[in-house]
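Enquirer: One-letter residues, chain by chain:
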Amino acid sequence: AQSVTQLGSHVSVSEGALVLLRCNYSSSVPPYLFWYVQYPNQGLQLLLKYTTGATLVKGINGFEAEFKKSETSFHLTKPSAHMSDAAEYFCAVSRGSGSRLTFGEGTQLTVNP
Amino acid sequence: NAGVTQTPKFRVLKTGQSMTLLCAQDMNHEYMYWYRQDPGMGLRLIHYSVGEGTTAKGEVPDGYNVSRLKKQNFLLGLESAAPSQTSVYFCASSIRNTGELFFGEGSRLTVL
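Chains A and B are the protein sequences, given in the same order. Just add 266 to the spot in the first sequence (first one is 1) and you have the working numbering. Just add 9 to the spot in the second sequence (first one is 1) and you have the working numbering.
Errors might be hidden in some of the hints.
Claimed, not checked - Which bits of chain B does chain A cover? Going by a derived footprint, with three or more residues having C-beta under 8 Å, they are:
hint, stretch
1, 49-55
2, 72-84
3, 112-121
These aren't lab readings, by the way, just hints derived from the structure by calculation. Quantities reported herein were computed from a predicted structural model and do not represent experimental measurements. The beta-carbon is built from N, C-alpha and C at its ideal position, and this holds for glycine as well.
Whole structure, please, built from the sequences with the hints as guidance.
Expert: What follows is the structure, encoded as structure tokens:
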């Protein structure tokens, strides 16, 4: 079985500050890892993904995440927050191609002016 | 380019009533999914389909039925709605089961 834990259901940062959203996973096989973003009253959209290869993955809107196998983590970062980054962020894991996604509980990001 | 379209976007039901949510995708995707989103619980998979004419149960299938008669459409039915089914429902599709899902904008259902 696979699972995802997102540390912190709410994160608040100031505009221009570093964004760090934490995600830890458990998987019995090498995982595929994803971050999705949900803006208010919209569906989720893919931010970035890790399948194989380079462990530092870059996504849209300046976000990136690093797969750390030893820490079973896939934290999402952005050097400088913008007001438009305010949204809910979901980490998700699958056991590879052909396996279904398991989502974390989500982290609501607030960006203060 | 519509992507994934869900109808209706809002619905209020009384306990025991039935309804159907319609999902349509125009990307020729093989896989389609229905999720429900509840506060603090993330997204939970209700049912999914790996192709026209096929359906399978997800994590929380009880109280729901689905059909995929056409490749582009995936219907979610509630035969006898219960207050516990108050939620936001999301449909998604993907080319294959790679984890790269395309979501609709959601359907907010309230059961009184």
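Enquirer: Taking the earlier hints as the rules, which of them does this structure contradict?
Expert: Hint 2 is the one this structure does not satisfy, whereas the remaining hints hold.
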